[in-house]
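S.K.: One letter stands for each residue in the lines below.
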Amino acid sequence: MSQITLQNITKRFGTVTALNNVSFEVKHAEFFVLLGPTGAGKTTTLRIIAGLTKQDAGSVAFDGQPVDTLPPADRDVAFVFQQYSLYPTMTVYENLAFPLRAPLRRMKEEEIRKRVTETAEVLRISHLLQRKTARLSGGEMQRVSIGRAIVRNPRVYLMDEPLSNLDAKLREALRVELSHLQRTQGSTTLFVTHDQIEALTMADRIGVLNHGCIVQVGTPEDIYDRPATTFVAQLVGSPKINLLNAATDGGVITIMDSDVHLPACELCTDPANLPCEFILGIRPEDVRPDPAGLFAGEIALTEPLGVETLLHIRIGRQTLVSTVPGISPLSRGESVRFGIVRERLHFFDRTTGVRFSE
Amino acid sequence: MASTRVEHAFSRVGPGFAVVESVRVDQITPRARLGITARLILSIIIAFVMLIPVLWMAMTAFKARPDATASPPKVIFVPSLDGFIGLFTNRTQLSAAALAEQQQRTDLNFWERQTLARGMRILGPSKFVSQLSNSLIIAISSTILAVTLGLLSAYAFSRYDIPGKRDWLFFILSTRMLPAVVVTIPIFLMYRAVGLYDTHVGMILLYTVFNLSFSVWLLKGFIDEIPIEYEEAALVDGYSRLQAFRKIVLPQCVTGIAATAVFCLIFAWNEYAFALMLTSEKARTAPPAIPANLGIGGIEWHVIAAGSMLFLIPVVIVTFALRQYLLRGVTFGAIRQ
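Chains A and B supply the protein sequences, listed in that same order.
Mapping to my numbering: the first sequence position 239 is 239, numbers consecutive.
Mapping to my numbering: the second sequence position 183 is 183, numbers consecutive.
Accuracy of the hints is not assured; some may be wrong.
[Stated by the list, open to error] Sample of chain B residues at the chain A side, in silico, Cβ under 10 Å:
1. A234
2. L235
3. V236
4. Q252
[Said to hold, decoys possible] Selected chain B positions facing chain A (in silico; Cβ < 10 Å):
5. E229
6. K247
7. P251
No lab work stands behind these hints: they were computed from the structure.
Note that beta-carbon positions come from the ideal geometry of N, C-alpha and C, so glycine has one too.
Only chain A is shown next, with the shape it has when bound in the complex:
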């Protein structure tokens, strides 16, 4: 296993800049998740690391050694594709054995058999070994695909949205399995996804990518509790964070177009650092309906989800989303009082969207 270092990677496709000066590091035995919306450049990053795409500028290094000139075969990485890309003319066994049979490895058939059998056991696909890949279910295909990666102990695992083509239940199951596998094998993994839940649940660290730029790198807690920009704040968390235009005169923060005035004391940030107008971020779980709450509003919509209920609270011309556990007795049109957890507010610049640091 090894570590990956990306330095100032830039890649253009025609006039489109897919990656702009991207640098980050994946540490030894780390589960690193690259999170971003479609078209952010996540897959391009993986392909550059694997050597399938050539970067225009910058350098990729494994364990400090640049690999930029090496062809994909010599980089010893395993790539799990979004579309499982199992070889359709081969059986599951042949698919798993395929990387081991590569001419550059010269592995004996016995050793191949041993490794394939072991891998199949780990992934619980032993009963499928003689099956043609076209006759597998989606979950089975993705297991085989992961198996083809782990069968050869590569230096690095690169996974390109491996769970996104699966149905929700299967995705949850494989998410747990994949996490467990990574912890037990201690493998360096770079996992690409647009799904914030996958990122938050599986990652040791997350890198957020937007329009080809790294916006923030940090642990899931960092990303969720201290998002660097409004983009990151909106990307993680479901339901989405409430972002509201707000103003302050030093002592009191006012949410615009509403009658909500927050006393500025007890805030996590020094109000003196804030400009007079900014964007206020409030996570839905920090808006708490409470008969003794400071603020009043009207329920505009309720979305009962079972575990929790989403309340859309109208305050003036703004709407706040709040999550409460269980099924809420409140219904549309009722007036409600609520409190806001003031220690957990987020402040962002109105034009750049950048967080005001504490």
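Fit chain B to the known structure of chain A by using the hints.
M.R.: Chain B alone, transformed into the frame defined by chain A:
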């Protein structure tokens, strides 16, 4: 209850529908059975109508000369090998005296007696066997060349960024935009100048060039359909580009290769105009040779039919052998878009 269920099952039966439930055969309603039978009979009738010319050719091949030209045409006749004898031998008409002399002989074999019955004597074998083997050599070699070269360039066109790719592809296609016959005279002059006239190499080269445009375009379509992810997976799995091509792409476009090969083979096998112009003795192929039997004293239809039938057989065999590949789409499907 049970009968409505069967009705439902049969309303969705056919090649376009997945088999969702099996139906017990003894439960097929008389109406459904009638429909199946009617469709079968109709297909047989259509197939028969389509095959009448071929059937007529086969019948003519086994007719004696008077039967072949009889009017009205004979459907029932005494089979004869006259046509084949005519095809494989050169004969001469005997005078009455020579005929009587020949009839005295007892050492004649079956074929010679057959010929003698028509008042002729076999002089020796005709060139048909060598012409047929010329056809085989030229058609097979040019097919192999056209498919191999076509496959490699189709792969390149499909996978690499080649400068001016679209222009090149159009240029390749444009070689088909002219009726081939138009260029026979220039090619004849060129071939004569460089010594390719009436040679196997010349004909192989010519048919390869003609088939290449077709082969490149057809195979490119097939390779385009193979997702590039398969090869990329092979590349990171430790294979070189060429190894990935051999191990991954080749097995997946067997269908396309087979289809292309059949089309190229049929073209090279059937080609008439160039063969007529550019060959004479050594490299003459069967197509221009068969109608040369238009022969002495009237058209020898039974000989022409016999030649055409023998000529048809290899293509039928190849097409039949590769028919499972011609139904494409067997290997596609393991990738989910």
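S.K.: Could you run down the list of hints and mark each one as holding or not?
M.R.: For each hint, the structure was consulted:
With a cut of 10 Å, the hint placing A234 of chain B at the interface with chain A holds, because the nearest CB-to-CB distance is about 7 Å. Proximity of L235 of chain B to chain A holds as hinted, the smallest CB-CB distance being about 4 Å (cut-off 10 Å). Of the supplied interface hints, the one on V236 of chain B holds, with its beta-carbon coming within about 4 Å of a beta-carbon of chain A, less than 10 Å. This hint holds: Q252 of chain B has a C-beta 6 Å from the nearest C-beta of chain A, less than the 10 Å allowed.
Against a cut-off of 10 Å between C-beta atoms, the interface hint on E229 of chain B holds, since the closest Cβ of chain A lies about 4 Å away. The criterion of a C-beta within 10 Å of any C-beta in chain A is met by K247 of chain B, whose closest approach is roughly 8 Å, and the hint holds. The beta carbon of P251 of chain B comes within 4 Å of a beta carbon in chain A, closer than 10 Å, and the hint placing it at the interface holds.
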